[in-house]
Amino acid sequence: MTSLDEARELLRAFPVVDGHNDLPWALREQVRYDLDARDISAHQNAHLHTDLPRLREGGVGAQFWSVYVRSDLPDPVSATLEQIDCVSQLIARHPADLQRALTAADMEAARADGRIASLMGAEGGHSIANSLGTLRGLYELGVRYMTLTHNDNVAWADSATDEPVAGGLTDFGREVVREMNRLGMLVDLSHVAATTMRDALDTTVAPVIFSHSSARAVCDHPRNIPDDVLERLPANGGVAMVTFVPKFVLQPAVDWTVAADENMRAHGFHHLDTTPEAMKVHRAFEERNPRPVATVATVADHLDHMREVAGIDHLGIGGDYDGTAFTPDGLGDVSGYPNLIAELLDRGWSKSDLAKLTWQNAVRVLGAAEDVARDLRTRRGPSNATLQQLDG
-8 MTSLDEAREL LRAFPVVDGH NDLPWALREQ VRYDLDARDI SAHQNAHLHT DLPRLREGGV
52 GAQFWSVYVR SDLPDPVSAT LEQIDCVSQL IARHPADLQR ALTAADMEAA RADGRIASLM
112 GAEGGHSIAN SLGTLRGLYE LGVRYMTLTH NDNVAWADSA TDEPVAGGLT DFGREVVREM
172 NRLGMLVDLS HVAATTMRDA LDTTVAPVIF SHSSARAVCD HPRNIPDDVL ERLPANGGVA
232 MVTFVPKFVL QPAVDWTVAA DENMRAHGFH HLDTTPEAMK VHRAFEERNP RPVATVATVA
292 DHLDHMREVA GIDHLGIGGD YDGTAFTPDG LGDVSGYPNL IAELLDRGWS KSDLAKLTWQ
352 NAVRVLGAAE DVARDLRTRR GPSNATLQQL DG
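Under this note's numbering, residues -8 to 383 are what the sequence shown spells out, in order.
Careful, some of the hints might be misleading.
Computed spacing ranges between beta-carbons, pair by pair [unchecked claim]: (1) P281 / G158: 24 to 30 angstroms; (2) E154 / R47: 40 to 46 angstroms; (3) A250 / G323: 32 to 38 angstroms; (4) D104 / E222: 22 to 28 angstroms; (5) D320 / G158: 38 to 44 angstroms; (6) P155 / A100: 19 to 25 angstroms; (7) S32 / H258: 44 to 50 angstroms; (8) R47 / V196: 35 to 41 angstroms; (9) V196 / E131: 42 to 48 angstroms; (10) D104 / E154: 29 to 35 angstroms; (11) A250 / D143: 18 to 24 angstroms; (12) P281 / D104: 42 to 48 angstroms; (13) S122 / P281: 33 to 39 angstroms; (14) A100 / G158: 39 to 45 angstroms.
Calculated directly from the structure, the hints in this document are not laboratory data. No experiment lies behind these values; they were computed from the predicted model shown. In this text, a Cβ means the ideal position worked out from N, Cα and C, and glycines have one as well.
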C-alpha cells in the first residue's frame, strides 16, 4: 500500500476538519449567489477550488465556511448576513452531502452519517460593527468563530497587516473576547497582530484557534504565528490550523506577492480580488514574473515546526481555498488533502497523530469552548458594554 493509499484510508476514518474556506465570498463575487451558475454538486474546476465531488475526493468531513466580507464595505453587517444566508442555501440545496453543525456533537453526528459538517466563521471584527448585541446575533445564526480582525485594524484590535494603533486589544476588545467565551464562540487569532494574539491569550478562559495561519519561524510573514505564541497553546488548549497560501508559507513568495499586489492595484483591482477579470491580470503578471512555487513539502515543513513547538494536540488544517489566487503544487484545490497526509506519513507521523491533526483536535477545541460557555452562563449574563463606555 502506498502512502497515498494509507492517507486516503486514514481520512475515511478521521476526515479533515478544515478551518477556513472562502467559497461563500467567491460565490458572491463571481455570480452574486446564483447557485445554479456555480452548482457545486458538479465539478467547478474552471471557477472554484471547492465543490462537492472534490471535497469528497479530498476526505473533508467538516468545513468552517468563512462568512468573510471586506472591511471597506459600507454595511459589513448586512453583507455578513448575506454570506450566512449563502451557507444556509448551500446546506439546503445539498442535504445528502452537507449537514448544518453548531456543536462538536453535531460534527460527530455528521461524520457518522457520512455527511460534511458545515459550520461558519466570521472573518474580521468589523462584521459586528462594535456591537456585542450584533456578536450575539451572529452566534444565534450559527457563527461559531470570529477572527478578531481581517487585514485592517478594528477600533478595538490591531491587525497583523496594518499600522498598530491599539497596541493589541483595547478594553472593549477584551470584553469582546470575554463575551465570545460566554457564548461558546471560538476566538480566532488568524490575521491579528502578535500583540493582539498575546492580549487575547491573556484574556480568554477558553481555547483559541488560528483558523488559517502558519509558522513565522519558517516563513517570516506577519500573518504567521510567532513561536512564543505557539508555545502558549498547550496551556490554553487551543489549535493552530496550518494554511496553504504560498505567500504565507514560502519565503521567496513573500516579496513576489508584494509586487503582484502592487500590480493589481495599478490595474484598478483590490489585491485580494479573484474574479476572472482580476485573475487575467494576475496571470499576465505571473507570465512576466515567474511565481515562486510552494509544494506539499513546504506546508509539511510548517507542520513539523509547529508540532515541535506547540505539540501534536494543538494542530489542525485551514487551507483558505477560494480565498487565495494561488495554491501550492499538490494542494491545488480541496481534493489535495490526501497528498499532505501522505507527505506526513512519509516523514514518520503516526496515524494516531494524523487523526488528531485532521479531526480530533478541531472537534475537541469546539467542545471545550462549549464547556466553558456552559459554566460562564451560570455566572453572568450578556454584556451590553459599548466601545465608548470602555475605550472613551
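Cross-check of the supplied hints:
1. P281 / G158: 24 to 30 angstroms: The hint (24 to 30 angstroms, Cβ to Cβ) is violated, given that P281 and G158 are roughly 40 angstroms apart.
2. E154 / R47: 40 to 46 angstroms: 43 angstroms, holds
3. A250 / G323: 32 to 38 angstroms: This hint is violated: roughly 23 angstroms between Cβ atoms.
4. D104 / E222: 22 to 28 angstroms: 38 angstroms, violated
5. D320 / G158: 38 to 44 angstroms: 40 angstroms, holds
6. P155 / A100: 19 to 25 angstroms: 43 angstroms, violated
7. S32 / H258: 44 to 50 angstroms: The hint (44 to 50 angstroms, Cβ to Cβ) is violated, given that S32 and H258 are roughly 34 angstroms apart.
8. R47 / V196: 35 to 41 angstroms: Holds, at about 38 angstroms.
9. V196 / E131: 42 to 48 angstroms: This hint is violated: roughly 22 angstroms between Cβ atoms.
10. D104 / E154: 29 to 35 angstroms: Taking Cβ atoms as reference, D104 and E154 lie about 48 angstroms apart, which means the hint is violated.
11. A250 / D143: 18 to 24 angstroms: 21 angstroms, holds
12. P281 / D104: 42 to 48 angstroms: 45 angstroms, holds
13. S122 / P281: 33 to 39 angstroms: 46 angstroms, violated
14. A100 / G158: 39 to 45 angstroms: 43 angstroms, holds
Hints 1, 3, 4, 6, 7, 9, 10, 13, counting from the list given before, are not met by this structure.
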